[in-house]
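Position chain B against the provided structure of chain A, taking the given hints into account.
The listed protein sequences correspond, in order, to chains A and B.
Just so we're aligned, residue 77 is where the first sequence starts under our numbering, counting upward by one.
Just so we're aligned, residue 141 is where the second sequence starts under our numbering, counting upward by one.
Honestly, the hints are just simulated from the structure, not real lab data.
Remember, it's a predicted structure, so these values are computed and weren't measured experimentally.
Idealized CB from N, CA, C, for every residue including glycine.
You can trust all of the hints, since none of them are fake.
Residues of chain A placed beyond 10 Å of chain B at every Cβ, according to the derived structure: (1) I83; (2) G92; (3) E93; (4) N94; (5) L95; (6) V96; (7) S100; (8) D103; (9) A105; (10) R137; (11) L138; (12) G147; (13) R148; (14) T150; (15) Y152; (16) Q157.
Derived list of chain B stretches under chain A, where covered just means 3 residues or more per stretch with a C-beta under 8 Å from a C-beta of chain A: (17) 173 to 182; (18) 193 to 207.
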Amino acid sequence: KQEVTQIPAALSVPEGENLVLNCSFTDSAIYNLQWFRQDPGKGLTSLLLIQSSQREQTSGRLNASLDKSSGRSTLYIAASQPGDSATYLCAVGGDDMRFGAGTRLTVKP
Amino acid sequence: DTGVSQNPRHKITKRGQNVTFRCDPISEHNRLYWYRQTLGQGPEFLTYFQNEAQLEKSRLLSDRFSAERPKGSFSTLEIQRTEQGDSAMYLCASSGGVGGEGPETQYFGPGTRLLVL
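In isolation and in its complexed conformation, chain A is listed as follows (with noise of 0.2 Å):
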């Protein structure tokens, strides 16, 4: 059964600070990776998809790298901002998706 970890489970920083979010999975047979951003009591909004042949993802100020062999996937933030400050999932599989419980990300102005 394909096991989904993220650590850490909380960050807090200062703004500007450049950050990275880590994911590890268990499985390393996977369809494609995901990686969503949940604000408090509302749905998730997709970031970016690495299909498993991908090693990366970039969209603006996001940058997400795979690694299968390793089971081991990264979300990089640049230039942070108050308005970054939400949860943070990453999921992995195709369409029966396992998620790893998140992380919890705080921007300090």
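Leaving out everything else, chain B in the frame of chain A:
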């Protein structure tokens, strides 16, 4: 159509009652997914449809849970004889469109928050 919609947004019910939630996916998407999310956890996959066919339902939490997508458009999730442990956010997602981040990208609705008293 700007996104996935879910109704109602909030539902309070008494233990033992039946509840039904509705999800309207993005119109061109052929896949529709249901998840449950409890506080402090990531979403937990329940079931999904491709068009009207339910392709995976073994992860529905119990036989009290059922889902339908009769015409391959909107879907309903029903919970019979609700229990207090069913209190959670129920999320719907859709995928399968062309363009954007790719056909596999799942786009989520705002969720239905269920409270069972």
